[in-house]
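Engineer: Protein chains in written order, with full-length UniProt numbering: chain A, 1 to 723; chain B, 1 to 650.
In case anyone wonders, no lab produced these hints; they're calculated from the structure.
Treat the hints with care, since some could be wrong.
Pairwise CB distance ranges, derived in the manner of DEER restraints [said to hold, decoys possible]:
1. Ala46(B) - Lys695(A): 36 to 46 Å
2. Leu639(B) - Lys215(A): 54 to 64 Å
3. His329(B) - Phe723(A): 24 to 34 Å
4. Glu697(A) - Ser594(B): 26 to 36 Å
5. His601(B) - Asp660(A): 51 to 61 Å
Even for Gly, the Cβ is constructed at its ideal location relative to N, Cα and C.
Single-letter residue listing:
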Amino acid sequence: MATLYEGFTLCGLLQTQNVSDSAIQGIELDGDSDHVVVTDTTRSVTLYKVSDQKPLGNWTVKQGQSLTCPAVYNNQTKEYVVVSDKRVIRVWRNEDLNLDKAFKATVSADVWRVHSALEGEPVVLFNRGAVRLLDALLSAPQQTIENVLSEEEIIRWSTNFVVEKQHFVLFTTEQKKMHFLYVQRLNPNTLHKYRLEREDSGAPPLSVSASLWDKRINLLYMYPNGCVYQSAVAVWGQAAALEDEEAPALPRTLLLRLPVGEGELGAASAVALDEAHVAVVGVPHPSAGTGKDFLCVWNTNFQTLQAGKEMAGRIYGQVWCYSGKLLVPHGKALSVIPYDCQKSSLASALGKLWKCGKEEPRSSVAVPSWNSLLYEEQPQGPARAVETRRSKLSRKSQSVLALTVDQVLELIKTGPVEEVQREVEALVSRGDAQDLQTSVGQLACQLVGRSQAESAFYTPGALAQLVHTQYLCHSVCPDLLLLALEHKDYFLCQLCLQLFPDIPEVVTCACLRAFISVLDGDVEMVSLEPDSVSFMEGLVAAGARGGQQNGFSPALYDEDSCDAHHQPRLHQDKTPAVQLEACPVGLHKAVLLNEVLQTPYSDSLLLPHLKDLNSQQVILFLQYLQFLYLKYSQDAYTQMPGLRSPTMTQIIDWVCLVLDAHFMVLVMAPDAKGLLKNLHFFVKSQVRLFSELGKIEDSFKELHRMKPSKDIGQYSIEVIELF
Amino acid sequence: MGEFKVHRVRFFEYMPTAIRAMSFNAHTERLALARVDGSVEVFNFADRYFQEKVIPGKDAHSIEALCWVGGRLFSAGLHGEITEYDLENLRPKYSLEAYGGPIWTIISNPQGTHVIGCEDGTVKLFEVLAEGVQFERNLDRQKGRIISLSWHPSGTRIAAGMMDMIRVFDVLTGHAIQRLLVDRSVGGCKSRETVVWTVVFLSDHTIFSSDSAGKVQVWDGHTGTLVKTHQLTKWDVLALSVSKDESSVVAGTSEGTVVQFQFIAPNLQQQEKEWVRTRTFKNHTHDVRALVEIGTAIVSGGMDTQLVVRPLLEKFEEKCFASGLRRIHFPHRNLVSCAQKARLLLLQFPGQLELWRLGESDGHGKPGDILPLKTKPEKLLYLKRKGKDHICCSALSSCGGWLAYSTVSSVRLYRLQTDNNISITKVPKLPKVLRSAHQLCFSSESSYLFAASSQSSVLFGCSCLGENDCEVHVYNLQKLELHCMVPMYSSCPSAMGIHPTTNNLTMVHADQQIFEFSIAEKQYTVWSRKLQMQGLHNLWLNRDTPVTHVTFNPKNPDQILLHDMYMFCIIDQSLPLPDQKTQFYNQMTLRSLSEQERPSHLHAFKVCKSFQDLMCMRLLDDQSLVVVERPLMAINSQLPAPVRQKKFAT
């Protein structure tokens, strides 16, 4: 899960003439992670200490001059570098107070940017595509600069990296509505040119950012239609694109398709936080209206929104990310928002898979299109275009009859129950996966919101269908499960318990309490998921049949599992044990309890909520768990493969948890005495089983150790000791 | 005791050859055994199956059958000759061409008449005379080769196994009087002839036959009718043997099984006896080619090269040495010589000698470690023997400067240079009397070569010992005369050595007894008397392979080093002897004890079983040990594939 922490304002922004333009030209890191150099669009460069929210220094060029590129900090020489009026490179130190007195050099061509990487010297990128190392340039400032790009080709974005002591400068250009990516390597110099594929709308990318993971440059770019693409740039490719040759298309992966709300995105930007998380500004929050002033963190593996924050004021489509902090200019301020991207274990597992999959094409020449290699089932590029066209077509043909997501959302607010139900079902049943993913959450939230507001409004069918799409999880719509409980919609509860991976323990406990205390008569009429019902029927029937396979008798089993000196007592206990054959709860109630048993939880979080159960509930629940355990100890467990059913471990864990939570209560309650006694045997038999297994394991280990697979060759010199 | 560096050598690719024929002399309790390479071995079954004699083989001289006449041993083979062996000098005495093509079998009757079966279809009778054998006459010549023969105990009839049939001859007239037709294989190819591999003629004129179709058949010799067919296997039944009292017949098959038939009443009420298949033993992986029933045990051998003595447990009242299953894999003598000073190993094969230099390591390690090698072992020399006769013994001087080997026809001595450039020069003009040697030995300072020639002898140090029928003689080499005789002991010494400093002679016998004899005082030493008084530990006495080498630690006169196939042992004479209650194999226990507790648990026999299938163990001058292992697994893996057998789930 990613979290956005409470942010703070680093500095105010100057008002520019044009309201839509940001007042900040660039932010660069100053050596360590706590200092940033902020260059505004006019004349000044300011050094801030981020944690103190305090400016440490400010340098301004004279009136009439302007800074044309963000200042950078040269980490090797501890100097700042900036370009004014496109041709004058200025270099100064922290102790220099006046920028005019600092070192100046005028070069012979217009400079686009100066870039500095942490472990390398700064490089200068000229407007016409030439690249120089700063030192080399300053030693002969008037050297002639060649033109790499033609007159009409304009640089839009650039960055640099140092990968294994090799400088790389990446920049994108625009020429006749075509967009290109250049990868320039220095020493030895090579230049690669790739074509960025055109998006449907033909719009230029809104933002480009690049990040370096695992010695591999990942380019992230976002289009006004909300699509975020990722491309891996092979830095070690050999074939340089020739001038006259068609530049190869840069293969790309669709990382995210963000909801754009109305119209297209204007000023938005995406930056990768790590392999699995992307921070986006200027894109609407999927469950909060159409305002675009949000900073959101998306998980790209699961396509889920992990965190969102509304930013007051205008978003300029700028975001920087330095060492755990996002810097976002918005409204009249530059805010610093610390973030944290924890890898969930599943995500890290997936991330690993994702990474090792990417290693494969490394050896192939230039940039291979591994979209086709890796994601054949969801092809990008032309095939994808066809698909979207087709879906568009189908959407077009249906649009006469059905409503769009937005229309349905509108309808939910006011429409009658039947119509809402019908329209939602229609939408879900026709919708294509990509669209549904984002809309399902909105629909569910809207439905739940209305139901909570109007008690008469409840659409179980529509909600069930939404849950069935599996695009929903508890975090997206936290009130859904509780709403279902409130409406005694046990089928929906069961669905949610089955399909939601992230139900909080408190809700699980609420479900458990509700299920235990429900009257059997109420629940028997409810139709539940047939597989789980048939499992439970089978389990109950196994006992009712009486006979066991292979002449096995449960009484004998119990004797076996107890110590010899317990045997006489056991014979007395036989009668209650046999009585337990009958399931203490009704069939459907049992099915629901099974679902609770199978929900994921963590012990420490569940325990306090378990205390909410009263003693009658606890005893009933324990009786049911004991019933399950006894059934499982017999043959029933293996008889029904493939059906969703609680495992032995889950049952035992729950027994332990319930006992932990209510031990004192149970000890005091007279009617729990027999139960506790039985459970005592039950625990004992488990302990015995495990100790025996432990012994067997140890014996095997010992065997393994005794026979070391020592490969003795033809000759060896060994040391032995005789006593 | 301390730590030892052990050179663990596994590059000796010794490969025993398959056992082809066996003959048991019940009178002397000697088993003669012939291998495919033509060598003959004699085992003393009265003396713990000790391999008393080995007569080396010869190229192109394979043996098909062996037979004893009294104490004399004869063989015949596909080379067409009858050979008698000189069991004193361990060499063929003479060979006689039989003029009948290859000979498949040779048997003798108690009257001392030989009879052989030849490829050309003749059965030839030879008379055994004191000085040799003499051709007597032919029986009626038959069409087809004679594969197997059996005398009727009366000496008047001979049964002969041939292709597809068995003939019974009347010896007096020489005519064939019965013709018993043997079926061809049932499932297999009808066109393939059935070879009657063995026949056994019992005194009640019952004839047993075994054939290549997997059958053992019982015939009535009077009427020539088939009594019963036992289909044992799909493959060949190669060997048959009958017990002396004719109550039991055993058959060996190509599957490695031995099947016993017994002449018993099939059920309790019935009086009439018949031949019933009773037991099956599986002790071999490959063909059982030779089989002998010796009354208390079944002795079998075959392609898998091991000799197996499988006791018939109903013949034993109590547990004893003879009631255990024995497998004899390795010869009871040394095939490896070691130059202790020069760190060289001489490996003896029937056809060649290999000289290896041991590797080196300068590392140190704790017990159990394998040290990194500085230099790898190196094969310095590959010396092919001259002539057709196989090498019977070889020796290497401890300085590594001399090498000698002997065949039955010649002894050769070589000067070796192994320092920088390896060279070997034959020493010419050895004395003419030295035609052959059974044992070769260099003196410790490499100035003398001792060769035991006319008797089976072992030679050592400044004195020279000879053994003959378990006698041990001590000779004084300075005076070149008999010094004394060690008191007679019933069991053959399997290894002995003279201590370099105390001049005590240590002998280990085939029955595992250990004696120490003081040559100076001409009597057993005090330690030896104490040992005999107290008796050796039962676990020591019950080991089933003989000690094949005794040596001493020059740095510590109390230590005697000896080894058998499964262990090596360092006897420390300064420590107390173990009694029957002491834990004999106590190395593991000692390891777990603390320094202080250890001395009270120590005893004289320090046995190390870490190294198995030992062919040689020596102590080098730098106090490191050399063990030469030849893992049986490695031998088995080099055997030809056994016949395919149906196993469950295959």
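Engineer: So which of those numbered hints doesn't the model satisfy?
Structural biologist: 1
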